[in-house]
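Asks: Sequence:
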Amino acid sequence: MDEKESLRETISSQSIASITIIPVEADGPRRIFQSSIGSVTIGRSATVEPAGGATSSHNTYTTFCPVVSRKHAIIRWLTSGEVALMDAKSHHGTYINESPTRLTPGQAYKLHNEDTISFGKGIFKDGQFHPPHTVAIHFNAAEEPTTRNPSGTYGLRSQPLSRERLGSVGSQSEVTDRQADRIRTEVQRLGRRREVAGKHRRQLHDVSKRLEYLEKV
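Going by our numbering, the residue at position 32 of the sequence shown is 32; the numbering climbs one at a time, nothing skipped.
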């Protein structure tokens, strides 16, 4: 098991305090939903589309993608602390990790950290190709409380620095763990966008071939 899979399973096995929904192709902002709301409803908005491309309330994630149903799917926290996805009898289906098999409506499917979900499937409508709305799911585990030790520090140990280390402090720019996580997340998001874009190009190529065949018949 590589480092990415190990991290994925570790977070999946913990109690998930919140989830972040990250649009893979659209430029809309990422949304964070807390476990206290119990569930998140995904659907298509009937209002005018804003610049971001997606909106949400405290327990609703909406998009303006035409292949997404008004009430498309539901993400729910289970009593075990895990998170599950259920298709709400959508018209064009719900798919996990680019699987060609759509989810059975009304049946709950356990989600894992960094799963990708496609709401709907690519279709041609009014002479234009409409891809599905694809998002990545990131789990946020509950933070462990810090405890104060007798030395007065919170979970930290003071260690003497050698002259070599003292000389290097301040001379090098250090990347914090939070910055590293942001960079890692952004690289993963761009990778997923590239994969989904390639899939849509293949779909568009297949549709073009079919249209050429029908024109010759």
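Honestly, I wouldn't trust all of these hints.
DSS-like mimics (lysine-lysine), calculated; alpha carbons at most 30 Å apart, straight line [said to hold, decoys possible]:
id: 1; residue 1: Lys-121; residue 2: Lys-110
id: 2; residue 1: Lys-121; residue 2: Lys-199
id: 3; residue 1: Lys-110; residue 2: Lys-71
id: 4; residue 1: Lys-71; residue 2: Lys-89
Hints in this document: simulated from the structure, not taken from any laboratory.
Asks: Hints the structure violates: just list their numbers, smallest first.
Replies: Hints that this structure does not satisfy do not exist here, as all of them hold.
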